[in-house]
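Q: Listed here are the chains, written in short residue letters.
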Amino acid sequence: VRSAFVGNAGIISFSPGRTLALKAETHNHPSAIEPFGGANTGVGGVIRDVMGAAHRPIAVTDILCFGPADHDGPLPAGVHHPLRIRDGVVAGVADYGNKIGLPTVAGAILYDPGYTANPLVFCGAIGSAPDAEIPSGPNAADRVIVLGGRTGRDGLRGATFSSATMDASTGEVAGASVQIGDPIVEKLLIDLLDDIRHLYSAITDCGAGGLSSSVGEMAETVGADVELSVAPLKYPGLAPWEIWLSEAQERMVVAVAPENVATVAERCAYHGVEMTDLGSFTGDGRLVVRMHGAVVLDLDTTFLHDGRPQRTMDYNPPSPARDVGPSRVCHDPAATLLRLLAHPNIASKESVIRRYDHEIRGATVVRPLVGWNGDGPADGVVIAEPADTHGFAVGIGVNPWYGLHDPEWMAHAVVDEAIRNVVAVGADPSKIALLDNFSWGDPRRKSTLGELLAAVEGCCAAALAHQAPFVSGKDSLNNEYVVASGERRSVPPTLVITAVAHVPDADRCITPDLKAAGNVLFLIGPTSADFAGSHFDKIDNTVDRPGRVSPPDSGAPARYAALHTAMRAGLVSACHDCSEGGLAVTLAEMCIGGGLGAGVVALPHTDATVSWFAETAGRFVVEVAPDAVDEFTTILGADAFVIGEVRQEPSLTIVGGTPVSLGALAAAWRTFS
Amino acid sequence: MSRPVALIIRAPGTNRDNDVALALDLAGAEPVIATAAEIIANPALIGHARIIVVAGGFSYADALGAGRLLGHELASAFGDEIRTHVGRSRPVIGICNGFQALVRAGLLPGGEVRGALGDNESGRFDCRWVRLAPVSQRCVWTAGLTDDIDCPIAHGEGRFACDDATLTQLTADDRIALTYQVGPGNETANPNGSVADIAGICDDTGLVLGLMPHPENHVLPRQHPMNGRRDGRHGTGLGLRLFEQGVRHAKEL
Numbered sequence: 058v059r060s061a062f063v064g065n066a067g068i069i070s071f072s073p074g075r076t077l078a079l080k081a082e083t084h085n086h087p088s089a090i091e092p093f094g095g096a097n098t099g100v101g102g103v104i105r106d107v108m109g110a111a112h113r114p115i116a117v118t119d120i121l122c123f124g125p126a127d128h129d130g131p132l133p134a135g136v137h138h139p140l141r142i143r144d145g146v147v148a149g150v151a152d153y154g155n156k157i158g159l160p161t162v163a164g165a166i167l168y169d170p171g172y173t174a175n176p177l178v179f180c181g182a183i184g185s186a187p188d189a190e191i192p193s194g195p196n197a198a199d200r201v202i203v204l205g206g207r208t209g210r211d212g213l214r215g216a217t218f219s220s221a222t223m224d225a226s227t228g229e230v231a232g233a234s235v236q237i238g239d240p241i242v243e244k245l246l247i248d249l250l251d252d253i254r255h256l257y258s259a260i261t262d263c264g265a266g267g268l269s270s271s272v273g274e275m276a277e278t279v280g281a282d283v284e285l286s287v288a289p290l291k292y293p294g295l296a297p298w299e300i301w302l303s304e305a306q307e308r309m310v311v312a313v314a315p316e317n318v319a320t321v322a323e324r325c326a327y328h329g330v331e332m333t334d335l336g337s338f339t340g341d342g343r344l345v346v347r348m349h350g351a352v353v354l355d356l357d358t359t360f361l362h363d364g365r366p367q368r369t370m371d372y373n374p375p376s377p378a379r380d381v382g383p384s385r386v387c388h389d390p391a392a393t394l395l396r397l398l399a400h401p402n403i404a405s406k407e408s409v410i411r412r413y414d415h416e417i418r419g420a421t422v423v424r425p426l427v428g429w430n431g432d433g434p435a436d437g438v439v440i441a442e443p444a445d446t447h448g449f450a451v452g453i454g455v456n457p458w459y460g461l462h463d464p465e466w467m468a469h470a471v472v473d474e475a476i477r478n479v480v481a482v483g484a485d486p487s488k489i490a491l492l493d494n495f496s497w498g499d500p501r502r503k504s505t506l507g508e509l510l511a512a513v514e515g516c517c518a519a520a521l522a523h524q525a526p527f528v529s530g531k532d533s534l535n536n537e538y539v540v541a542s543g544e545r546r547s548v549p550p551t552l553v554i555t556a557v558a559h560v561p562d563a564d565r566c567i568t569p570d571l572k573a574a575g576n577v578l579f580l581i582g583p584t585s586a587d588f589a590g591s592h593f594d595k596i597d598n599t600v601d602r603p604g605r606v607s608p609p610d611s612g613a614p615a616r617y618a619a620l621h622t623a624m625r626a627g628l629v630s631a632c633h634d635c636s637e638g639g640l641a642v643t644l645a646e647m648c649i650g651g652g653l654g655a656g657v658v659a660l661p662h663t664d665a666t667v668s669w670f671a672e673t674a675g676r677f678v679v680e681v682a683p684d685a686v687d688e689f690t691t692i693l694g695a696d697a698f699v700i701g702e703v704r705q706e707p708s709l710t711i712v713g714g715t716p717v718s719l720g721a722l723a724a725a726w727r728t729f730s
Numbered sequence: 666m667s668r669p670v671a672l673i674i675r676a677p678g679t680n681r682d683n684d685v686a687l688a689l690d691l692a693g694a695e696p697v698i699a700t701a702a703e704i705i706a707n708p709a710l711i712g713h714a715r716i717i718v719v720a721g722g723f724s725y726a727d728a729l730g731a732g733r734l735l736g737h738e739l740a741s742a743f744g745d746e747i748r749t750h751v752g753r754s755r756p757v758i759g760i761c762n763g764f765q766a767l768v769r770a771g772l773l774p775g776g777e778v779r780g781a782l783g784d785n786e787s788g789r790f791d792c793r794w795v796r797l798a799p800v801s802q803r804c805v806w807t808a809g810l811t812d813d814i815d816c817p818i819a820h821g822e823g824r825f826a827c828d829d830a831t832l833t834q835l836t837a838d839d840r841i842a843l844t845y846q847v848g849p850g851n852e853t854a855n856p857n858g859s860v861a862d863i864a865g866i867c868d869d870t871g872l873v874l875g876l877m878p879h880p881e882n883h884v885l886p887r888q889h890p891m892n893g894r895r896d897g898r899h900g901t902g903l904g905l906r907l908f909e910q911g912v913r914h915a916k917e918l
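Chains as they are written, first to last, in the working numbering: chain A, 58 to 730; chain B, 666 to 918.
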C-alpha cells in the first residue's frame with residue numbers, strides 16, 4: 058500500500074516499477090433525476106479521481122442498482138420508471154467510457170423494489186503509473202493552474218443536493234445540477250497529464266464543490282491566493298461564488314513551479330487543452346480568493362480543514378438472528394433452478410455488457426463474458442498490458458439482501474465474495490487490495506447508524522482475516538425518498554466491495570466455463586443452511602424470511618491460498634465461485650459457459666435443499682482433469698470434495714432428480730434483458 | 666529498408682491510436698502518432714511516411730456524424746498529400762472511425778463508386794468478437810492472407826451500405842477486402858447488417874483499406890477470448906497478419 062484514504066484514490070504497488078490507483082464513487086441522486094447525465098458524469102468524475110492521483114486511467118467499472126424492470130404500479134411523485142433509469146444510466150456509462158477510450162469491464166446490476174425511488178450508481182476507475190514518488194506539493198510559490206473545460210453555472214450545488222433526502226420536488230429544484238459530460242475533453246486531459254507528469258508538484262480534480270474544494274484541498278497548510286476573474290467562463294455574468302463553486306466537468310487543478318509554467322502551456326497548446334493561471338500557492342496558510350483584485354474570501358486553512366467540531370451521534374446496534382431459522386423445502390429443484398437462472402439479478406447481462414467497449418487498449422484478458430461462445434457467465438475480469446506477464450483481476454461483492462438481515466455478516470460475506478471473484482480467475486490471494494462503497498439511508502436514525510457501524514466492523518474483520526487492505530472508499534448516505542404522506546423509503550443497506558488483485562501470470566488465467574467431458578468436479582469449502590437474504594427466498598418474494606447469513610469462515614483464507622497453489626501448478630481447468638442461488642446456479646453457469654453437461658453424484662449436505670441453494674460463502678466449484686486429481690486433492694486436503702463430473706451429454710443431472718437440458722438452462726439464463 | 670514509418674493520424678477523440686501503434690510496431694513498422702493539426706501545420710510528415718493509418722475512436726466527438734469532421738480534414742486540408750502518397754503506391758488503412766472518415770473524405774470506396782456507413786441494424790453500439798475472411802487479392806493488406814482473422818468490433822455505425830450496381834462492381838473489381846464469417850460469438854456472422862457481410866473494402870488501387878473491426882486488438886494470442894480453451898491452436902486468427910501484409914508491401918516499394 059502506497060497511499061490509503063488520503064487524496065483522490067488509493068495507490069498500491071503492482072508489478073516491479075508500476076503502481077495502480079483505485080477508486081470507486083457513487084452518483085446516486087444525479088442518476089435518479091437525470092439518468093444519462095448522472096451516470097455519464099459519475100464515470101467522468103471517478104476517472105478524474107484517478108488522474109488526480111497522478112495515474113493514467115486504464116479501466117472503468119460500474120455497479121448499478123435499480124427498481125424492478127417490470128414495475129407496473131404507481132410510482133412516487135417525481136420518480137422515473139426503473140427501465141427509463143436503467144436505459145439512461147447504461148447509455149450514460151457507455152457514452153463516457155466508449156468515447157474516452159477506456160474499457161468498461163467489471164460490474165453488476167441488481168434489481169430490487171428498494172431501489173425504485175433511489176437507484177444507486179457506483180462507478181469505479183483503475184489507473185496505472187510508473188512507480189515514482191507521488192507528487193508531494195504544492196510548494197510555496199507554485200502557480201495554481203486550472204486545466205480543461207470552462208466554468209459555467211452548471212452543477213452548482215451538486216454536492217449539496219447529492220447528500221440531501223429526495224422527494225417529489227428534487228427533480229425540479231436540482232435538475233439543473235446534473236450535467237452532461239464531455240469525454241473528449243477529458244481524453245485530451247489524460248494525454249496531457251501523461252505528458253506533463255514530471256512538471257507538476259501536486260494535482261487534484263475539480264469534483265463536488267468545484268474550485269472551492271480542489272484549490273481548498275491543495276492549499277491545506279500552504280495557503281493560496283487566487284483571482285477568479287481570469288477563469289475562462291462558458292458565458293459572462295457569473296458571480297464570484299458561482300465561479301468558485303461551479304462543478305463544471307472535465308477540469309483539473311495542478312500546482313506548477315513558475316519555471317515550468319511555459320512548458321506546461323506549450324504542451325497544453327499541443328494537446329488542445331485550455332490552461333489558466335489562477336494565482337499562486339503562498340506559504341502563509343491562508344486561502345485568499347479575489348475578484349478583480351477585491352478579496353471575496355479569506356480563510357485560515359487550518360480552520361478550513363480541521364476547524365469543524367466533531368459530531369457526536371447515537372446509534373442502536375442491530376441484533377440479527379444468527380440461528381439457521383426454519384428449514385427451506387424445495388419439491389422441484391429443477392424448476393427452482395430455472396427460476397433462479399431467469400431472475401434478473403442472476404440472468405445474463407449481455408444486452409448491457411455489449412454496449413460497453415471492453416476490448417479497447419487490447420489489455421482485457423478475461424472478459425465480463427466468457428466461454429465457448431464468448432457469451433457465458435464470468436467471475437472477475439483480468440487486465441494485463443499486452444507486453445506484460447503481470448496482470449490484475451477485478452472482482453465485485455455486493456448483497457443488500459444479506460444486509461437487511463445482518464449488516465455485519467453481510468459485510469464479511471461481500472468482502473469474501475469480491476475476493477472469491479478474483480481468486481477464481483487466478484489472482485494471488487495474498488496480494489489483494491479492497492475498496493468500499495457504502496450506500497445507506499439517513500444515519501441520523503439510530504438504527505441506520507447502528508447498521509452502518511456493524512457493516513464497518515464486518516469489513517474490518519474480513520480485511521484482517523484475508524490480510525487484504527482497504528485502500529479507498531466512499532460513502533453515500535441519505536439514500537432516502539420521502540413520499541407525500543411523509544413516509545421515508547430507504548435503500549436496503551448496500552455495501553459494494555471491489556477487490557483488485559495481482560495475477561502473477563496473465564497467460565494462464567482461469568475461467569468458469571467447463572472445458573472437457575470426463576473432468577472431475579470438486580466443491581471446495583463447507584456448506585451450511587445459510588438462507589437469510591438468499592435468492593432461493595427472493596424468487597418467492599420472501600427475502601425477509603428469518604434465517605442466518607453466511608457466517609465468517611475462518612478456514613477461507615487458507616483454502617484460497619491452497620486453491621491458488623493448485624492453479625499455479627496448472628491443475629485447475631475451470632473455477633467458479635458460489636454466490637447468489639448457491640451450488641445449483643454455479644454448476645448451471647459452468648455448463649452454459651462450457652457448452653457441456655455435468656452429473657452430480659454426491660451432495661455436500663444431508664439436506665438436499667441446503668446442498669443446492671444455500672448461499673454459504675467461501676465456496677468454489679473447481680474442474681480438474683483426471684490426471685491432476687491426485688495432486689489437486691493433496692494440495693486442497695479435506696477441503697476437496699468430489700461432487701461429480703463433466704459430461705458430453707448436454708444436461709445437468711441432479712442426483713435423485715430429473716436431468717435439466719443445457720438448452721433449458723441457457724434459455725432461462727438468457728430470458729431477461 | 667528496415668522499418669518503414671507508419672504515420673498514425675489522430676484527432677481529438679481518437680482513442681485506438683496506441684493500440685494500432687503496437688500492432689504496427691509488432692508488424693515491423695516504425696509507428697509515429699501525429700494529430701491532424703500537426704499534419705496541417707507540417708504536411709511533409711505525410712511525405713516521410715510509407716504507411717498512413719487513420720485510427721479508431723470518436724474523432725471530434727463524432728459531432729455532425731461519425732468521422733465527418735476528420736473526413737473533411739482528410740479531404741481538404743491534406744487530401745493532395747494523401748493522393749500523392751497513394752500515387753507512390755504507398756498503403757493507407759482506416760480502422761473503425763478511421764474507415765468512417767475515409768468514406769466521408771471520398772477516399773473510399775473512391776472514384777465514382779458510392780457507399781456509406783450507417784447505424785448498426787440493431788440500433789446499438791455493439792462490442793463483440795467476430796471472424797473475418799480475407800477476400801480481396803487486389804488489396805495489398807489482404808492479398809495472400811489465407812487464414813481467417815478473429816478480432817473485436819466496437820462500433821455503433823458500422824453497417825456498410827451501397828446499391829446493387831455498386832456491390833456488383835465492388836465484387837467484380839475484387840475490392841471486398843474482408844467479410845464477416847460465422848465463428849465463436851457470432852453465429853449469425855454479420856453483426857451490423859452490412860451489405861453482403863462486408864467488413865472492409867479497398868479503393869481501386871488496392872492500397873487504401875477501410876474496415877470496421879479492430880485487428881489491432883488481436884496481435885497476441887492471449888488477447889483472444891478463447892485463449893484458455895484452444896490448446897494447440899494458439900496463434901491462429903491473429904489480426905497482426907493484416908498489418909504484416911501492409912508493412913511488407915511498404916518495405917518492397
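Hints are computed from structural coordinates only; laboratory data are not their basis.
Think of the CB as a built atom: it goes at the ideal place given N, C-alpha and C, for glycine as much as any other residue.
Some hints could be false.
Said to hold, decoys possible - DEER-style ranges, computed between Cβ atoms:
#1 A:Glu-316 x B:Gly-858: 49 to 59 Å
#2 B:Ser-754 x A:Pro-683: 49 to 59 Å
#3 B:Gln-802 x A:Gln-705: 50 to 60 Å
#4 A:Arg-565 x B:Ser-754: 40 to 50 Å
#5 B:Gly-693 x A:Arg-59: 31 to 41 Å
#6 B:Gly-809 x A:Ser-730: 41 to 51 Å
#7 A:His-447 x B:Ser-754: 47 to 57 Å
#8 A:Asp-144 x B:Val-847: 29 to 39 Å
#9 B:Ala-837 x A:Asp-188: 36 to 46 Å
#10 B:Asp-829 x A:Asp-144: 28 to 38 Å
#11 A:Glu-544 x B:His-737: 50 to 60 Å
Q: All the hints need checking, so say for each whether the structure fits it.
A: How the hints compare with the structure:
The hinted range of 49 to 59 Å is satisfied by Glu-316 of chain A and Gly-858 of chain B, whose Cβ atoms lie roughly 57 Å apart. Taking the beta carbon of each, Ser-754 of chain B and Pro-683 of chain A are about 58 Å apart, inside 49 to 59 Å as hinted. Judged by the Cβ atoms, the range 50 to 60 Å given for Gln-802 of chain B and Gln-705 of chain A is violated: they are separated by roughly 41 Å. Checking the proposed 40 to 50 Å range against Arg-565 of chain A and Ser-754 of chain B shows it holds: the Cβ atoms sit about 44 Å from each other.
In this structure, Gly-693 of chain B and Arg-59 of chain A meet the distance hint of 31 to 41 Å, their C-beta atoms being roughly 38 Å apart. Restraint check, Gly-809 of chain B to Ser-730 of chain A: a C-beta distance of roughly 42 Å satisfies the suggested window 41 to 51 Å. Under the hint 47 to 57 Å, the C-beta atoms of His-447 of chain A and Ser-754 of chain B, about 43 Å apart, miss the expected range. A hinted range of 29 to 39 Å for the beta carbons of Asp-144 of chain A and Val-847 of chain B is consistent with their spacing of about 30 Å.
Separation of Ala-837 of chain B from Asp-188 of chain A is about 58 Å and departs from the stated range, judged on CB atoms against 36 to 46 Å. The supplied range of 28 to 38 Å is met by Asp-829 of chain B and Asp-144 of chain A, whose beta-carbon atoms lie about 37 Å from each other. Roughly 57 Å separates the CB atoms of Glu-544 of chain A and His-737 of chain B, a value that falls within the hinted 50 to 60 Å.
Going down the numbered hints, you'll see the structure goes against 3, 7, 9, while the others check out.
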